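Q: This is what each chain is made of:
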Amino acid sequence: NAGVTQTPKFRILKIGQSMTLQCAQDMNHNYMYWYRQDPGMGLKLIYYSVGAGITDKGEVPNGYNVSRSTTEDFPLRLELAAPSQTSVYFCASSAIAEKRKETQYFGPGTRLLVL
Amino acid sequence: QKEVEQNSGPLSVPEGAIASLNCTYSDRGSQSFFWYRQYSGKSPELIMFIYSNGDKEDGRFTAQLNKASQYVSLLIRDSQPSDSATYLCAPDGGGADGLTFGKGTHLIIQP
Numbered sequence: 001n002a003g004v005t006q007t008p009k010f011r012i013l014k015i016g017q018s019m020t021l022q023c024a025q026d027m028n029h030n031y032m033y034w035y036r037q038d039p040g041m042g043l044k045l046i047y048y049s050v051g052a053g054i055t056d057k058g059e060v061p062n063g064y065n066v067s068r069s070t071t072e073d074f075p076l077r078l079e080l081a082a083p084s085q086t087s088v089y090f091c092a093s094s095a096i097a098e099k100r101k102e103t104q105y106f107g108p109g110t111r112l113l114v115l
Numbered sequence: 116q117k118e119v120e121q122n123s124g125p126l127s128v129p130e131g132a133i134a135s136l137n138c139t140y141s142d143r144g145s146q147s148f149f150w151y152r153q154y155s156g157k158s159p160e161l162i163m164f165i166y167s168n169g170d171k172e173d174g175r176f177t178a179q180l181n182k183a184s185q186y187v188s189l190l191i192r193d194s195q196p197s198d199s200a201t202y203l204c205a206p207d208g209g210g211a212d213g214l215t216f217g218k219g220t221h222l223i224i225q226p
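Each protein sequence line maps, in turn, to chains G and V.
Note that my numbering gives residue 46 to position 46 of the first sequence, counting from 1, and the numbers run on in steps of one.
Note that my numbering gives residue 151 to position 36 of the second sequence, counting from 1, and the numbers run on in steps of one.
These aren't lab readings, by the way, just hints derived from the structure by calculation.
Quick caveat: nothing in here was measured; it's all calculated off a predicted structure.
It cannot be assumed that every hint is accurate.
[Said to hold, decoys possible] What follows is a list of derived Cβ distance ranges for each label pair:
hint	chain 1	residue 1	chain 2	residue 2	range
1	V	E130	G	D26	31 to 41 Å
2	V	Q225	G	S69	48 to 58 Å
3	V	P226	G	P75	28 to 38 Å
Quick reminder that beta carbons are idealized off the backbone N, C-alpha and C, glycines included.
Build the full structure now, drawing on both the sequences and the hints.
A: Okay, structure coming up:
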């Protein structure tokens, strides 16, 4: 199993440009998440999904959009990139949480620089 | 607002000693607690989780939970240079949304 994969690994964007960060998992996990991590900070939740067709906002959703058309894929869209979106973006997935949360498995991350 | 507090460090510990990492959280509804390790430039990986008061041991790692004090800790025995990393505490407040992570403690094991 490849686990959670993310592309690209690194990208430089100009202010106002748009891009899509790709995330895929092959573990048949229903739950998927997007986090961002700024230097010296913990991870902050951007969006999450509990299954295909179902998404919801996290702590810092402004400036981002997501979609979930399949169980495997959970792309993150940046519209009108701003310097404040310079960060490392991590995608994660987990099995369905019944009594308590299951382990989240993280992708390798996408490093984004907005200039 | 769920808050998770960790001493950012760096915490410097001699090789072979016990490293003690602490975390306090504000959400009394938190039921499970995860410790993730993150090497520089890498993604977080789970090393321990605990959901009952008391201690849980896994190899050189011991997680300690005190829900009344809203405190969870991670002990690393016989610390090795390979343990040098940032350790993130993440209480689970329930629900399907993501975890709330602390800023992490940067641990340095000195050979």
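Q: All hints are to be evaluated individually against the structure, with a verdict given for each.
A: A quick look at each hint next to the structure:
Hint check: E130/V to D26/G, Cβ distance near 38 Å, so the stated range 31 to 41 Å holds. Distance hint check: the CB atoms of Q225/V and S69/G are about 50 Å apart, consistent with the given range 48 to 58 Å. Checked against the hint of 28 to 38 Å, the pair P226/V and P75/G fails, with Cβ atoms roughly 43 Å apart.
In summary, the structure is inconsistent with hint 3 from the numbered list given earlier, while agreeing with all the others.
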